[in-house]
Amino acid sequence: KAGVTQTPRYLIKTRGQQVTLSCSPISGHRSVSWYQQTPGQGLQFLFEYFSETQRNKGNFPGRFSGRQFSNSRSEMNVSTLELGDSALYLCASSLFTGGSYEQYFGPGTRLTVT
Amino acid sequence: SQQGEEDPQALSIQEGENATMNCSYKTSINNLQWYRQNSGRGLVHLILIRSNEREKHSGRLRVTLDTSKKSSSLLITASRAADTASYFCATDGGYGQNFVFGPGTRLSVLP
Numbered sequence: 001k002a003g004v005t006q007t008p009r010y011l012i013k014t015r016g017q018q019v020t021l022s023c024s025p026i027s028g029h030r031s032v033s034w035y036q037q038t039p040g041q042g043l044q045f046l047f048e049y050f051s052e053t054q055r056n057k058g059n060f061p062g063r064f065s066g067r068q069f070s071n072s073r074s075e076m077n078v079s080t081l082e083l084g085d086s087a088l089y090l091c092a093s094s095l096f097t098g099g100s101y102e103q104y105f106g107p108g109t110r111l112t113v114t
Numbered sequence: 001s002q003q004g005e006e007d008p009q010a011l012s013i014q015e016g017e018n019a020t021m022n023c024s025y026k027t028s029i030n031n032l033q034w035y036r037q038n039s040g041r042g043l044v045h046l047i048l049i050r051s052n053e054r055e056k057h058s059g060r061l062r063v064t065l066d067t068s069k070k071s072s073s074l075l076i077t078a079s080r081a082a083d084t085a086s087y088f089c090a091t092d093g094g095y096g097q098n099f100v101f102g103p104g105t106r107l108s109v110l111p
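Protein chains in written order, with our numbering: chain F, 1 to 114; chain V, 1 to 111.
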C-alpha cells in the first residue's frame, strides 16, 4: 500500500497570506490527524478527522482549520499567516486495530512564513 | 502540559552500544507508542505497547511499560549509525482522545 502523502512538501508564504495543505491517507484509513512541529513547542496536535467529521481539536486559534472529504483525503488551512506559523506540518492516518490506533505519518509540509 | 516526557533530552553513544530512553506520562492510557524521526522528516512508527502489556520486542527494540509508575522505556541494542534520530513516545488515551507526544530524545550514534 502507498504511504501517507502530503503536498506540497515545501512552501514559502508571506505574513497575512493563507495556505492550504493537503494529505492523502493510506487506503482504508478513515482517521486523519494533523500536527504542528516546531523546535520550541515540539509536536502539537491540531485536529483529527474521522469520516468527514472533526472528532478532536487541539489548542490552536481559529485561524487553523481543516476538513476531510468522502475519500478520507484531508486539507488544513491556515489563514492570516504569522511568523510563528513557520513549522513542519505533519499528517497522520490511523487504523483502528486490536483496540488501538496506530498512526502512520506522512513526510510533512515545511511551511516558512516570511 | 505534555503528557509524555522523554528522558534524556539528548544521548550520544558509540556504535555497538545499547541506548535506553525513558518516557513518563501523567494520566491513564490505552496504549503507548514509540516513533523515530530522522532530521526534518516524518515520523516512523516503531512499536506499540498496550496498557495491559509489560514488555514488547521488535528486532533490536525492546519496550517496557510500567503503568503503576506511568513510565515506559525504549532500549535499542547494538546501535548503528543509522539509528541516529529523534525518538518520541506518544500516549493514546483511547477512542476520541488525541495522541500526546513528548519532546523527544535526540540520539546520536557515533561510528
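Think of the hints as simulated: they come from the structure by calculation, not from any bench. Glycine residues also receive a C-beta, built at the ideal position from the N, C-alpha and C atoms. Careful: at least some of the hints might be erroneous.
Here are some chain F residues the structure puts well away from chain V; computed CB gaps all over 12 Å [as the list claims (entries may be wrong)]: (1) ILE12; (2) THR14; (3) GLN18; (4) GLN37; (5) ARG55; (6) LYS57; (7) GLY58; (8) ASP85; (9) LEU88; (10) PHE105; (11) VAL113; (12) THR114.
Derived Cβ-Cβ restraints for the label pairs, each shown as a range [stated by the list, open to error]: (13) GLN54/F / ALA78/V: 22 to 32 Å; (14) ALA82/V / GLN17/F: 35 to 45 Å; (15) THR27/V / PHE96/F: 16 to 26 Å; (16) THR38/F / ASP7/V: 17 to 27 Å; (17) THR77/V / LYS13/F: 14 to 24 Å; (18) LEU110/V / THR80/F: 39 to 49 Å; (19) PRO111/V / GLN54/F: 16 to 26 Å; (20) ASN30/V / GLY28/F: 39 to 49 Å; (21) GLY16/V / ARG15/F: 19 to 29 Å; (22) ALA78/V / THR38/F: 29 to 39 Å; (23) HIS45/V / ARG9/F: 37 to 47 Å.
Hint-by-hint comparison with the structure:
no. : hint                           : result
1   : ILE12                          : 16 Å, holds
2   : THR14                          : 22 Å, holds
3   : GLN18                          : 24 Å, holds
4   : GLN37                          : 9 Å, violated
5   : ARG55                          : 6 Å, violated
6   : LYS57                          : 8 Å, violated
7   : GLY58                          : 7 Å, violated
8   : ASP85                          : 17 Å, holds
9   : LEU88                          : 7 Å, violated
10  : PHE105                         : 4 Å, violated
11  : VAL113                         : 17 Å, holds
12  : THR114                         : 18 Å, holds
13  : GLN54/F / ALA78/V: 22 to 32 Å  : 44 Å, violated
14  : ALA82/V / GLN17/F: 35 to 45 Å  : 39 Å, holds
15  : THR27/V / PHE96/F: 16 to 26 Å  : 21 Å, holds
16  : THR38/F / ASP7/V: 17 to 27 Å   : 21 Å, holds
17  : THR77/V / LYS13/F: 14 to 24 Å  : 44 Å, violated
18  : LEU110/V / THR80/F: 39 to 49 Å : 45 Å, holds
19  : PRO111/V / GLN54/F: 16 to 26 Å : 46 Å, violated
20  : ASN30/V / GLY28/F: 39 to 49 Å  : 21 Å, violated
21  : GLY16/V / ARG15/F: 19 to 29 Å  : 49 Å, violated
22  : ALA78/V / THR38/F: 29 to 39 Å  : 33 Å, holds
23  : HIS45/V / ARG9/F: 37 to 47 Å   : 20 Å, violated
The structure shown violates the earlier hints numbered 4, 5, 6, 7, 9, 10, 13, 17, 19, 20, 21, 23.
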